[in-house]
Amino acid sequence: MPSAACCRRPRSARHERRPLDPWALLKARTVARIGLGRAGASIATADHLAFQAAHAAARDAVLSRLDVEALTGALEAAGVATTVLASGATDRTTYLARPDLGRSLDPAAAAALAGAAGERPDVAVAVFGGLSAAGIGLHAAELVAGLITDFRAAGLKTASVPVVEFGRVALGDAIGERLGARLVVVIVGERPGLTSADAIGAYVTFRPRVGLTDADRNCVSNIRPAGMPLDEARRRIGWLAREALRLELTGTGLKDRSDEALLAAGAPPTAIA
Amino acid sequence: MFRTDLGGTRYVFPDLKTLLAKATPKRSGDELAGIAAASRAERVAAQIALADVPLRRFLDEAVVPYETDEVTRLIVDSHDPEAFRPIAHLTVGGFRDWLLSDAADAEALAALAPGLTPEMVAAVSKICRNQDLILIAAKRRVVTRFRTTVGLPGRLSARLQPNHPTDDPAGILASIVDGLLLGSGDAVIGINPAGDSPERCRELLMMIDDIRRALDVPTQSCVLTHITTTIGLIETGAPVDLPFQSIAGTEAANRSFGIDLAILKEGNDAARSLKRGTVGDEVMYFETGQGSALSANAHHGVDQQTVEARAYAVARAFSPFLVNTVVGFIGPEYLYDGKQILRAGLEDHVCAKLLGVPMGCDVCYTNHAEADQDDMDVLLLSLAAAGVNFVMGLPGADDIMLGYQSTSFHDVMATRSMLGLKPAPEFEAWLLKVGLMDEAGRIAPSTALPDAFRRLLPAPSERAA
Numbered sequence: 032m033p034s035a036a037c038c039r040r041p042r043s044a045r046h047e048r049r050p051l052d053p054w055a056l057l058k059a060r061t062v063a064r065i066g067l068g069r070a071g072a073s074i075a076t077a078d079h080l081a082f083q084a085a086h087a088a089a090r091d092a093v094l095s096r097l098d099v100e101a102l103t104g105a106l107e108a109a110g111v112a113t114t115v116l117a118s119g120a121t122d123r124t125t126y127l128a129r130p131d132l133g134r135s136l137d138p139a140a141a142a143a144l145a146g147a148a149g150e151r152p153d154v155a156v157a158v159f160g161g162l163s164a165a166g167i168g169l170h171a172a173e174l175v176a177g178l179i180t181d182f183r184a185a186g187l188k189t190a191s192v193p194v195v196e197f198g199r200v201a202l203g204d205a206i207g208e209r210l211g212a213r214l215v216v217v218i219v220g221e222r223p224g225l226t227s228a229d230a231i232g233a234y235v236t237f238r239p240r241v242g243l244t245d246a247d248r249n250c251v252s253n254i255r256p257a258g259m260p261l262d263e264a265r266r267r268i269g270w271l272a273r274e275a276l277r278l279e280l281t282g283t284g285l286k287d288r289s290d291e292a293l294l295a296a297g298a299p300p301t302a303i304a
Numbered sequence: 439m440f441r442t443d444l445g446g447t448r449y450v451f452p453d454l455k456t457l458l459a460k461a462t463p464k465r466s467g468d469e470l471a472g473i474a475a476a477s478r479a480e481r482v483a484a485q486i487a488l489a490d491v492p493l494r495r496f497l498d499e500a501v502v503p504y505e506t507d508e509v510t511r512l513i514v515d516s517h518d519p520e521a522f523r524p525i526a527h528l529t530v531g532g533f534r535d536w537l538l539s540d541a542a543d544a545e546a547l548a549a550l551a552p553g554l555t556p557e558m559v560a561a562v563s564k565i566c567r568n569q570d571l572i573l574i575a576a577k578r579r580v581v582t583r584f585r586t587t588v589g590l591p592g593r594l595s596a597r598l599q600p601n602h603p604t605d606d607p608a609g610i611l612a613s614i615v616d617g618l619l620l621g622s623g624d625a626v627i628g629i630n631p632a633g634d635s636p637e638r639c640r641e642l643l644m645m646i647d648d649i650r651r652a653l654d655v656p657t658q659s660c661v662l663t664h665i666t667t668t669i670g671l672i673e674t675g676a677p678v679d680l681p682f683q684s685i686a687g688t689e690a691a692n693r694s695f696g697i698d699l700a701i702l703k704e705g706n707d708a709a710r711s712l713k714r715g716t717v718g719d720e721v722m723y724f725e726t727g728q729g730s731a732l733s734a735n736a737h738h739g740v741d742q743q744t745v746e747a748r749a750y751a752v753a754r755a756f757s758p759f760l761v762n763t764v765v766g767f768i769g770p771e772y773l774y775d776g777k778q779i780l781r782a783g784l785e786d787h788v789c790a791k792l793l794g795v796p797m798g799c800d801v802c803y804t805n806h807a808e809a810d811q812d813d814m815d816v817l818l819l820s821l822a823a824a825g826v827n828f829v830m831g832l833p834g835a836d837d838i839m840l841g842y843q844s845t846s847f848h849d850v851m852a853t854r855s856m857l858g859l860k861p862a863p864e865f866e867a868w869l870l871k872v873g874l875m876d877e878a879g880r881i882a883p884s885t886a887l888p889d890a891f892r893r894l895l896p897a898p899s900e901r902a903a
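Taken in order, these protein sequences are the chains called A and B.
Here the first sequence is numbered in this note's numbering, starting from 32 and rising by one per residue.
Here the second sequence is numbered in this note's numbering, starting from 439 and rising by one per residue.
Treat each hint with caution, since some may be false.
Cβ-Cβ distance ranges computed for the label pairs, FRET-style [stated by the list, open to error]:
| # | chain 1 | residue 1 | chain 2 | residue 2 | range |
| --- | --- | --- | --- | --- | --- |
| 1 | B | T716 | A | A55 | 32 to 38 Å |
| 2 | B | A890 | A | G68 | 19 to 25 Å |
| 3 | A | D131 | B | R494 | 36 to 42 Å |
| 4 | A | G242 | B | D698 | 23 to 29 Å |
| 5 | B | P888 | A | E279 | 55 to 61 Å |
| 6 | B | P607 | A | R183 | 40 to 46 Å |
| 7 | B | R892 | A | G68 | 16 to 22 Å |
| 8 | B | P607 | A | A112 | 44 to 50 Å |
| 9 | B | T506 | A | A257 | 46 to 52 Å |
| 10 | B | P607 | A | L280 | 32 to 38 Å |
| 11 | B | G670 | A | G242 | 28 to 34 Å |
| 12 | B | R651 | A | T121 | 54 to 60 Å |
| 13 | A | T121 | B | P607 | 43 to 49 Å |
One-sided excerpt, in silico: chain B residues whose CB lies under 10 Å from chain A [to be verified]:
| # | residue |
| --- | --- |
| 14 | N601 |
| 15 | E771 |
| 16 | D836 |
Treat the hints as calculated values from the structure; they're not laboratory data.
As the structure is a prediction and not an experimental result, all values here were calculated from the model.
From the three backbone atoms N, C-alpha and C, an ideal C-beta is built for every residue, glycine too.
Input sequences plus hints: build the corresponding full structure.
Written as structure tokens, this is what we have:
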């Protein structure tokens with residue numbers, strides 16, 4: 032018996048000298064809400080209210096309106112022309128309940144795009160508020176201006192950037208088809224989580240046309256400073272766009288290998304749909 | 439043809455499928471599909487007409503054609519006329535009255551299950567109030583066994599869901615430790631992997647298996663990846679307890695998931711052949727949810743609740759260990775708000791139980807739905823009163839990988855406390871043995887980490903990583 036005690040003793044003695052909180056160790060490895068304070072069986076007040084605050088931020092992000100003028104102003108200032116369009120969904124409630132309307136063009140928008148049908152750009156970049164207008168408001172101008180700069184530098188023809196408040200990803204197919212674009216890149220506000228109210232996503236679709244599905248696209252998600260940083264997203268989207276134009280496809284046939292060098296260095300992989 | 443005269447208006451419904459859709463309590467998915475009642479009056483008129491439909495009619499008129507749908511064939515071909523006989527003379531309305539009566543006790547309901555079709559139970563649920571859905575379900579227990587026994591009266595189990603956005607093993611371990619200390623994990627420790635590679639899934643399975651053995655905790659593991667991936671893992675010797683698969687109520691919707699009945703049978707047979715269970719041999723873990731068939735454009739014009747009930751016919755063909763309706767995950771275009779999510783969760787639970795399916799529920803919502811934790815509190819308590827087999831246990835109710843809110847370890851503790859419910863008996867014995875729970879069923883409030891748990895933590899050399 033004494034020998035067993037001896038075996039354990041040095042470990043706890045070391046802890047006494049240099050206290051090591053096991054919960055600190057565990058919490059360092061996840062942003063999950065572990066080790067919460069307890070009040071009886073329930074969550075103690077501070078942690079309960081922290082949750083409420085995170086949910087409020089996510090809800091506010093969903094319900095936020097896109098400041099279209101600020102976004103187009105920022106893009107124009109960066110030398111990027113914009114075209115403000117509407118989808119079939121004219122308000123937030125309709126947008127949430129009717130995904131089909133968020134995927135379709137408003138008739139006036141369709142007419143406006145008909146005038147631009149001769150442009151036939153290599154790449155059309157479009158921006159939709161989606162489920163986080165807050166995220167788009169914070170990050171889209173910088174990302175889009177960067178992408179347009181890169182595409183132009185690569186000798187690719189771009190188009191005026193359509194901005195749609197209540198657009199879903201597949202609306203990019205309708206827009207890209209009408210522009211005669213070889214490739215469409217949709218930048219859209221993602222559904223907020225409690226730890227990611229400002230995330231935006233990018234969907235790359237070769238030869239856009241109405242009727243495509245998510246299996247026909249490549250996605251770069253969780254774009255935000257605390258998720259995938261903007262410059263990293265810009266690099267990945269650029270890689271996908273170049274490969275899509277070279278191989279003439281997107282979707283399940285195009286595997287994102289832009290991170291192979293990073294993966295070898297131990298960086299976490301990114302969700303690619 | 440069905441008709442009702444109500445308030446001076448004649449409402450006509452051409453077939454059973456239309457009648458069921460019009461009789462369904464309001465939800466956004468049926469409106470999106472364009473099959474919902476146009477007014478409240480039309481909805482009640484449809485419910486009045488539905489109440490007069492003889493149950494036998496459901497054996498004669500399929501809502502999805504027999505010839506083109508293997509789920510319909512499964513439902514029709516496996517129907518047991520002998521079990522159906524006690525209620526064969528009833529209408530849908532008479533069936534509701536009988537279900538609420540004392541004659542419909544646990545024994546009678548268990549004997550009836552093989553005689554019921556999904557369409558019959560969906561129909562009767564449409565003319566029930568929420569209270570009816572709870573009361574009827576509470577009479578019907580479906581008990582299943584692997585290393586724990588789930589679904590017994592007086593018990594509420596929890597799936598410990600330790601997801602992590604990059605599948606970091608240390609991050610997942612942290613959530614597992616937290617959940618076990620708070621008494622969750624007796625239904626399963628189940629991870630939704632962020633990456634889908636077989637190698638990643640194998641690593642996660644081995645990690646849970648190591649934890650289970652190190653702590654000597656009676657539970658089972660699951661990595662929620664496609665069943666074909668799991669079959670491959672079984673073939674290469676991975677420690678698979680429960681194969682997972684999302685299922686739906688039509689052949690076309692299942693094909694959109696990349697499965698059919700034959701693949702499910704293959705997975706079930708493969709996992710059972712491993713004989714890893716200790717107190718039973720039920721192995722499948724299925725997930726369902728209203729709206730999935732419409733989302734796959736494979737609903738055949740059938741309302742989302744009836745299609746959902748058909749998924750339970752798929753489930754029961756494989757005697758699963760766990761079935762989980764992930765009720766609020768799909769989003770507001772199918773279930774708009776807390777009221778619709780509440781109703782759907784109670785419908786799913788009672789329909790599954792009547793069919794003999796061991797139903798649990800992910801009481802949950804997304805941030806674009808008009809719902810919050812208050813709504814989940816009501817659904818969780820209602821389901822616990824209804825005898826739900828299991829719910830989810832997450833750190834602080836927040837899934838940091840899937841980006842939605844469910845129920846917390848604390849919610850499970852609080853609900854057990856309010857209703858005097860205990861964990862699965864094998865898991866309860868373990869909690870008592872290791873001192874995490876007292877005889878009154880309270881989980882110790884101590885934040886100290888027991889030695890057995892402390893030994894699971896990364897070694898000092900890894901701590902810097």
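For each hint, the structure was consulted:
1. T716/B <-> A55/A: 32 to 38 Å: holds (36 Å)
2. A890/B <-> G68/A: 19 to 25 Å: holds (24 Å)
3. D131/A <-> R494/B: 36 to 42 Å: holds (38 Å)
4. G242/A <-> D698/B: 23 to 29 Å: Holds - the Cβ-Cβ distance for G242/A and D698/B, about 25 Å, lies within 23 to 29 Å.
5. P888/B <-> E279/A: 55 to 61 Å: Given a distance of about 59 Å, which is inside 55 to 61 Å, the answer is holds.
6. P607/B <-> R183/A: 40 to 46 Å: holds (44 Å)
7. R892/B <-> G68/A: 16 to 22 Å: For G68/A against R892/B, whose Cβ atoms are near 21 Å apart, the range 16 to 22 Å holds.
8. P607/B <-> A112/A: 44 to 50 Å: This hint holds: roughly 48 Å between Cβ atoms.
9. T506/B <-> A257/A: 46 to 52 Å: Given range 46 to 52 Å: holds, Cβ gap about 49 Å.
10. P607/B <-> L280/A: 32 to 38 Å: holds (35 Å)
11. G670/B <-> G242/A: 28 to 34 Å: Holds: the Cβ-Cβ distance is about 33 Å, inside 28 to 34 Å.
12. R651/B <-> T121/A: 54 to 60 Å: Holds, at about 58 Å.
13. T121/A <-> P607/B: 43 to 49 Å: About 47 Å separates the Cβ atoms of T121/A and P607/B, which means 43 to 49 Å holds.
14. N601: Hint holds; N601/B Cβ to chain A Cβ min 8 Å, cut 10 Å.
15. E771: Holds - the Cβ of E771/B comes within 10 Å of chain A, reaching about 5 Å at its closest.
16. D836: Check passed: Cβ of D836/B comes within 5 Å of chain A, closer than 10 Å.
Against the hints set out earlier in the document, no violation occurs for any number.
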